[in-house]
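Chemist: The primary structure of each chain is shown beneath.
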Amino acid sequence: MTIIEQLITSFIAAAGFGILFNAPRQSLIQCGLIGMFGWILYYMLVDAGMDVVPATIFGAMLVAVLSQIASRVFKTPIIIFNVSGIIPLVPGGIAYDAMRHFVENDYFTAVQLSAKVMLLAGGIAIGLMFSEVANQVIRKIVWKVQGR
Amino acid sequence: MENSTMIAKVCMLAGKIMLKSGAETYRVEDTMSRIAHAFGLENAQSYATPTGINFSPDSAEATNFMRISKRATDLHKIDEVNTISRNVTAGELSLDEALMRLQDVDKASLSFPGWIQIIAATFVSGSFTIMFGGTWPDFIPACIAGGLGFAGMLAFARLVDTGFIAEFFASFIIGVSAFLFIYYGFGASLNKIIIGAVMPLVPGLHITNAVRDLMAGHLVAGVSKGVEAILTAFAIGAGVAVVFGIF
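Residue numbers (my numbering), protein chains in the order written: chain A, 1 to 148; chain B, 149 to 395.
A hint or two may mislead.
Covered stretches of chain A (in silico footprint by chain B; criterion: 3 or more residues with CB under 8 Å from a CB of chain B, positions within the stretch not fixed) [what the hints assert, rightly or not]: (1) 18-24; (2) 78-86.
Calculated from the model, a selection of chain A residues having no Cβ within reach of chain B, i.e. all distances over 10 Å [stated by the list, open to error]: (3) S10; (4) L41; (5) M44; (6) A48; (7) D51; (8) R72; (9) F108; (10) I124; (11) V142.
Short, incomplete list of chain B residues facing chain A, as computed with Cβ under 7 Å [to be verified]: (12) T221; (13) H224; (14) L247; (15) M279; (16) F327; (17) L328; (18) F329; (19) I343; (20) M347; (21) I355; (22) V359; (23) A386; (24) V391; (25) F395.
FYI, nobody ran anything at the bench for these hints, they're computed from the structure. Where a beta carbon is used, it is the ideal one built from N, C-alpha and C, also for glycine.
Just need the whole structure built from these sequences, with the hints factored in.
Modeler: Following this line, the structure appears as structure tokens:
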């Protein structure tokens, strides 16, 4: 039940952010689906007891791989899919929480939360980069094999 | 010679549209260099920061500069410029055609109308409340608070030019409405409602993009975007904290 709940809400969140970011109309559904898969992987990993930072990295990797595939299939730049796709993983809520604690003079919690935001943002960036690097390596290997 | 001025014009326009639409700086530089290369400028130099573009047709030529003052996220325009740049690289577009199509994209307003954005923000807010562990009684209050907040931000952004003020007032509206909902027994958890409702405003994407720019070696762009994101998050946190202070 919770999984279905999470599937539906993460789809709405990613597709809704697609509208806020003004993604082309015909790619909104794909954006929502990519965001949904990334979030569900993250959710299940955290549910199974994994720490949030590695779970975010894996979620971001899945988003990046799916975005690569979608950008090939639909001939659209990859940024459209991965920008809306990573939205559920992005630590916006924690960033807000950190700033609220700063404003309320609770620096101890605030600094902890800010460090977490940096780690999560770094994790997403690593996840996205990793699949780009993998893609480049594969393309170069294929290119070399074909060159022979 | 005139030709290289024309090419510089096309490259600058493409870069300007992309930067205004919130593309990462390394993508902007890459696109400009590709277009220049396709039109035969082998050694063109391009340098973009979030607030300006530099472009030089050759290493010892005069450098062109353009200031970017307003930025928003507009994926549709990035897509259009990308298509044009791909056509140029494939040799399907002449210089004049490319300039004309870029000017069309620059003038066009491709964004969704405001009311659709507000509806989207409404559902996004409710969904995030559930995703962050809220319960269903929180769904509708979060939707309403988030929708009001986003509508408020659009309205304030039209009235006031100063950055971060619109976000501050928007999160103030969210804080007040969430507080009233809880006060009248509508919704369960104040914190979950607020966290869901501020999500459409929070610069989570900018934080991630900043880290990506840093990793790609664009240190100036990465740091300045990161600071922008932190200031926005600060404005949102302050808006809600004011509400907590009043009540």
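Chemist: Grab the minimum C-beta distance from V359 of chain B to chain A and call the hint holds if it beats 7 Å, violated otherwise.
Modeler: Given a least distance of 4 Å, the restraint on V359 of chain B holds.
Chemist: Please verify that the nearest CB of chain B lies beyond 10 Å from L41 of chain A's CB.
Modeler: Check passes; 14 Å lies beyond 10 Å.
Chemist: Does the CB of M347 of chain B sit less than 7 Å away from some CB of chain A?
Modeler: holds (6 Å)
Chemist: Taking C-beta pairs only, is D51 of chain A more than 10 Å away from all of chain B?
Modeler: holds (17 Å)
Chemist: Checking hints one by one. Is L247 of chain B an interface residue toward chain A, by the C-beta closer than 7 Å rule?
Modeler: Violated - the Cβ of L247 of chain B stays beyond 7 Å from chain A, reaching only about 21 Å at its closest.
Chemist: May I ask you to test the interface hint for F395 of chain B with respect to chain A, counting a Cβ-Cβ separation under 7 Å as satisfied?
Modeler: violated (13 Å)
Chemist: Any Cβ of chain B at or closer than 10 Å to I124 of chain A, or is the non-interface label fine?
Modeler: I124 of chain A is in fact no farther than 10 Å from some Cβ atom of chain B, at 5 Å.
Chemist: So, as I understand it, the hint says M279 of chain B touches chain A; can you test that by seeing if any CB pair is closer than 7 Å?
Modeler: With a minimum Cβ separation of about 5 Å from chain A (threshold 7 Å), the hint on M279 of chain B holds.
Chemist: Could you check if L328 of chain B really has its C-beta closer than 7 Å to a C-beta on chain A?
Modeler: violated (19 Å)
Chemist: Hold the hint about H224 of chain B up to the distance rule: shortest CB distance to chain A must be less than 7 Å.
Modeler: holds (5 Å)
Chemist: Would the hint on T221 of chain B be counted as holding, given a Cβ-Cβ threshold of 7 Å to chain A?
Modeler: holds (4 Å)
Chemist: Any CB of chain A closer than 7 Å to the CB of I343 of chain B?
Modeler: Constraint on I343 of chain B satisfied, holds at 5 Å.
Hints 3, 10, 14, 16, 17, 18, 24, 25 from the list above are not met by this structure, while the remaining hints are.
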